[in-house]
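**Student:** If you want the building blocks of each chain, they are given just below.
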Amino acid sequence: MMRSLKGRLFIILVVMTGLVWLSATAWIYLNTRAEVERVLDARLMEAARMVSSLIDSQEIDVATATLEPPAIAVDPRSPYERQLTCQIWSLTGSLIGRSDGAPNQRLSDHADGFAERVIDGRAWRVYAVTNTKLGVQVLVGDNLDIRARLVRDVVKGLLLPMVPIVPTLAALIWFGVGRGMRPLDQLAAGLAQREAENLHPIAADHAATEIRPVVAALNGLFGRVQEARERERHFLTYAAHELRTPLAGLKTQAEISLKTDQEAVRTAALKQIVTAVDRTSRLVRQLLETAEAEAAAASARSGTIRLSHFLRETVADQAGRIEATGGRLVFDASLDGVEIVSKEILLALAVRNLVENAVNHSPKGGAVVLRWSPESAIVVEDEGAGMPPGEIERATDRFFRGANRSSVGSGLGLSIAKLCAEKLDGELELTNRAPRGFRAALRLA
Amino acid sequence: MRILIVEDDEILGNGLTVGLQMNGFTADLATCRGDADAALRSGGFDAVVLDIMLPDGSGHELLATIRGRGDATPVLLLTALDTVADRVEGLDGGADDHLGKPFDLDEVAARLRALVRRASNRPTAHLEWDGVRLDPAKMLATRGGEDVRLSRREFKLLHALMERPGTILSKAQLEEKLYGFQEGVESNAVEVHIHNLRAKFGRSVVETVRGVGYRLREAGR
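Chains as they are written, first to last, in my numbering: chain H, 1 to 445; chain V, 446 to 666.
It is worth saying that the hints were derived from the structure and are not from the lab.
Built from N, CA and C at the ideal position, the CB exists for glycine as well.
Don't take each hint at face value.
[As the list claims (entries may be wrong)] Straight-line alpha carbon distances no greater than 25 Å define the calculated PhoX-like cross-link-like pairs of lysine-lysine that follow:
| no. | chain 1 | residue 1 | chain 2 | residue 2 |
| --- | --- | --- | --- | --- |
| 1 | H | K251 | V | K616 |
| 2 | V | K583 | V | K645 |
| 3 | H | K251 | H | K271 |
| 4 | V | K645 | V | K616 |
| 5 | H | K259 | V | K583 |
| 6 | H | K271 | H | K259 |
[What the hints assert, rightly or not] Residues of chain V placed beyond 10 Å of chain H at every Cβ, according to the derived structure:
| no. | residue |
| --- | --- |
| 7 | I456 |
| 8 | N459 |
| 9 | G460 |
| 10 | T510 |
| 11 | I511 |
| 12 | A517 |
| 13 | L536 |
| 14 | L550 |
| 15 | P568 |
| 16 | D575 |
| 17 | S596 |
| 18 | L623 |
| 19 | E628 |
| 20 | E631 |
| 21 | V654 |
Let the sequences and hints guide you as you build the complete structure.
**Tutor:** Given below as structure tokens:
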């Protein structure tokens, strides 16, 4: 398949035009030949009858007759000068007379009417008429080569102009196609000149009807790219902003540990630095996870997930963390045998952040329970302090950290879980448990 | 000098508190807008270090509240979004200075001293009174050109008195200058420090106004 639309159109148009021309030529050729044959045959017939009647009326002495070229007005220099040849044979078979240039050999030995014969390598068309009264047969012949030349010349006259016309026509078609395609070229040129930052929609008002869907699709794409870019820019600004506070904390604590002369103050500052590094690296990881969730939503494929196995693997690292404080991670029996179809990356991100959040807020010796609820939700429950009711609504805002904050929280965990839930067409439900604790339900579509 | 730090990040808040204390300030930490507002209502702060992002509102809002009730305490804004628009909003909203995160502790301390100095209309960084000279940045005290060794609290006490010679400061006001909210105050701490100052600078240096408080003689009298 040809890549260039312009080239494709050009070739189609040229081939079509050529075909039309060729068929016209063929039709004219056939028509002309038939007409030439009809006219010349009629002339042959007429000439033969004329000769026969001339003999008959005794105006020409048969014995001495020589036939002059017939009285058809023909330019003497024309190649058709000597067109007709006449022979008069007696019925007994002797040549009584012949026209100038006619062969001695009998032009035809058939009965009256038309016949074709080759004599001395020349093809003849002959008309014979028998004059029974005088006992002669008049043969009038026509050289077929001449006929062919006549037709050939007519067709040549038609085809010759094509030599200059075809390139001219091709050029005109090429130019015309170019003109016709100009809106597309303009669109392409406009797009090519665009800077990467320019995502303004293309004006569709003046676009041709055929191009308008393309323009609309492009504008739609621009819109989506713009949106994604805005989101990214906003996110980067936010991330840079959020990293500055922990960095400031780190720097301050480092300055303290360098300057102080009290061992206790230095130790305390160094401990703060360790915590700050943990928190900052967690913040960085979660920032990347947020970006990952955004990207995965578009590209990740759904697959069948064996929930019990999947959850154990996903939160394996959290078990160690909670056991270090005497607590435990419980996988409820309701998870056994459950299989769901979902996007694994997003689900893992959501669950890991929910469980991490629960572990962070668990009291010493508290349990974090994962279960499968009948309304097809993965539920994570802890025994922590829960959230003041007013905060639950804002809990999934990026960087929101409530009153019952953990020392390592970044304010991103629940927002990542919610983002993943949305990307999975699901829902994240957060509730306080009675008498204490917090419950996060990731309801899947 | 007593400073209120308003910062919700525990590590940074702790670092600022400890760091400013090391620089000779008395520092208190508030981790949300509500606490900060309450602390400022009680008064006694020479300057505020204010973070913009707070869990229960923004630093800008807090700034509007305190300026709205006529509180002119100098405010140093800590900004993470170090953009011109951000700085302009802060300064127009009543902040006296701003500093982008992350920052040097020394710079925070220097800017706070400058803010307090400007607020009290003093042209120089050091304080002088009757041959006694205090350099708050270096925490150095001299008398007649000779170093006088002072403890941190003695220095703070003298500093508080020298900021407004002739003005009487009550015992409670002096305690506020010396101790943060979290620090326990022994009942006779101010008396002990005054006693030590008199031992180092001479009996007449600090006047006791019976039943009211303490003051420095007005200079040259």
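**Student:** Now tell me if each hint is right for this structure.
**Tutor:** How the hints compare with the structure:
no.	hint	in the structure
1	H/K251 to V/K616	violated, 37 Å
2	V/K583 to V/K645	holds, 19 Å
3	H/K251 to H/K271	holds, 13 Å
4	V/K645 to V/K616	holds, 20 Å
5	H/K259 to V/K583	holds, 14 Å
6	H/K271 to H/K259	holds, 16 Å
7	I456	violated, 4 Å
8	N459	violated, 6 Å
9	G460	violated, 3 Å
10	T510	holds, 20 Å
11	I511	holds, 22 Å
12	A517	holds, 27 Å
13	L536	holds, 19 Å
14	L550	violated, 5 Å
15	P568	holds, 29 Å
16	D575	holds, 32 Å
17	S596	holds, 14 Å
18	L623	holds, 19 Å
19	E628	holds, 14 Å
20	E631	holds, 20 Å
21	V654	holds, 37 Å
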